[in-house]
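A.B. asks: The listed protein sequences derive, respectively, from chains A and B.
Numbered per the working numbering, the first sequence spans residues 447 to 715.
Numbered per the working numbering, the second sequence spans residues 24 to 331.
Heads up, some of the hints might be wrong.
Claimed, not checked - Mimicking DMTMM-like on lysine to aspartate or glutamate, the simulated pairs with C-alpha atoms at most 20 Å apart in a straight line are:
id	chain 1	residue 1	chain 2	residue 2
1	A	673	B	168
2	A	673	B	184
3	A	673	B	165
4	B	293	B	273
5	A	673	A	497
6	A	673	A	506
7	B	293	B	99
8	A	673	B	273
9	A	602	A	545
10	A	673	A	660
11	A	501	A	679
12	B	293	B	80
To be verified - Computed spacing ranges between beta-carbons, pair by pair:
id	chain 1	residue 1	chain 2	residue 2	range
13	B	136	A	512	34 to 44 Å
14	A	573	B	133	49 to 59 Å
15	A	465	B	220	29 to 39 Å
16	A	699	B	98	52 to 62 Å
17	B	98	A	453	53 to 63 Å
18	A	519	B	316	34 to 44 Å
19	A	527	B	167	46 to 56 Å
20	B	184	A	500	25 to 35 Å
21	B	65	A	500	41 to 51 Å
22	B	243	A	550	25 to 35 Å
23	B	167	A	509	27 to 37 Å
24	A	661	B	126	41 to 51 Å
Stated by the list, open to error - Away from chain A, derived, C-beta distances all over 12 Å, residues of chain B:
id	residue
25	242
26	243
27	321
Since the hints were derived computationally from the structure, they do not count as laboratory data.
Ideal placement from N, C-alpha and C gives every residue a C-beta, glycine not left out.
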Amino acid sequence: MAKRILLYAVLAVGAFVSVFPYLLVVLTAFKTQGQLSETAPWLPGLPPTVDNLAKMLAGDFPRYLLNTAVMTALLTAGQLVFTTFAAYAFARLRFRGRDALFWLFVATMMVPSAVTMIPLFLIMRQLDLVNTWYGLLAPYVLGTPYGIFLMRQFFKTLPAGLEEAARIDGAGPLTILVRVMLPLCRPALGTLAIITVISSWNSFLWPLIITSGDDTKVITVAIATLKQGIGVDYNLMMAGSLIALVPMVAIFVFFQKHIVRSVVLTGLK
Amino acid sequence: MTSHVARTSLVADVKPVRRRGSGWHAYLFVGPSLFGVIAFLLLPMLIVLVLSLFDWELLSSPEFVGLDNYRRLAGDGQAWHSLGVTVAYVLLCIPLQTVLALALAMLLNQRIKGVRFYRSLFVVPWMATPIVLALIWSWIFDPREGAINSALALVGVTGPDWLSDPTWALPAVALVSIWQYTGYNMLFFLAGLQGIPKELHDAAETDGASPAQRFWRVTLPLLNPTMFFVSVTNLIGAFQVFDTVFAMTDGGPSHTTEVLNFRIYQTAFKEFDFGYAATLSTLLFLIIFLVTMAQVRFFGKRTTYDLS
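For reference, chain A alone in the conformation it holds in the complex (with noise of 0.2 Å):
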């Protein structure tokens, strides 16, 4: 019983530590200035006022946020496609050098990001995309070797009876891939949806580097330069990344399952 009790214990105070940060969060971004120095950080401030909201969403915020948003749909609907071409070819059809590519796009999952970022900055600058949508999406819309990783896993748990009874039909890899295979592959899409969306929407060294103008400034470089100017306005830092928080926290929420299950997907086999 003691031991139950220890247990449940060590849960809540984990439970607590995980989300502190965030409750800090949303208490700060509904306090005035002044009762941000009146009142103890973790005590709401009464009455809450959503005057920093409201200054944050007059504001060019909601352009970064839809930024932000338009560059997830983006990036998440290249991956979806490109990715899960990539993953069946390797997966389920024969050709030459098969073996050899999948292993050079292994290879590049080890390529530190931050190793390739000055080389891709020139690239776009000699192409002169800079400052442009096409410099921010282009390195990542063709898809990831991570992505095609984890979808060629689960392309191959799939029986091979499904295809050889389509291609008896007369289809052809196309037709076999989007009407046999895709509905099948819902849960591992929606897996894949997930960690895009989630790392397209948190990326912030690619967008820093890239983009310098208000047309493409997303929400990450928009908040991190709140912190540049003079004088920190933590109220208004902390609505901004409230507002920043909450889809994210929404899809956590709503597709909590999908994202265990992408965890024993890509878990390792």
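Assemble chain B onto chain A, guided by the hints.
C.D. replies: Chain B alone, transformed into the frame defined by chain A:
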């Protein structure tokens, strides 16, 4: 990993009914992604290698200097300092993070009321933008208004000025990373634990193995593939830490949190010394590569980790 047997089985599970047709389609299917990998991963890698042999400050035209940048690196105290900071950061994060994640996974692999609720709560830190979290944490670490020192004050302890204190800045940054990734890694361990057949534990228990023995002799060896994945991805990630440092300390105070990746960013995009930044990048890549290879060898002796 590319043994003859594995190759054969790879090929054998595909029935080549329409050999020619499917070959042609296959290249079309793989094409776009392959183009992406070549253009945005392999080509940049080559450029870094070439660029590291040049002196180039963006506005001037590149000048070939041979191995000069590498000679400069050898005598560059600041770069080696950054490497030292990186190693210290990795050593602060990884062991604690891994042990905590495994312990948490074992806790949450039991029959507990609301186990799903706890599992999700622990993963929540992973969900948020690193840059946002870094800003929140720099506020939590604030010496006067911050939550940590306010809590310490309640018990009569005066906390340090965390992020401005050369002793505490790096541990503070590491703490944020541990907080963020422990729950995420817990998921991997949880998946691994659930893949261990229950009969094995039952058999060990029947044979009179103590809980400690069962952990060291059954659980841990069978978790080896998970351990491999977690340690490889975490180490690669930790060597590349950037967002947290950028947002919390900007490399300071007096360079005590200036990890190599941050130094590369500074060299390239603040000092516009692209040639030398490429040399530093090559150094970082080499280190990550060697560490990864060492892990592959270390774990390879204990497991059959089959990527195909």
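A.B. asks: Taking the numbered hints from earlier one at a time, note which ones the structure violates and give those numbers from smallest to largest.
C.D. replies: none
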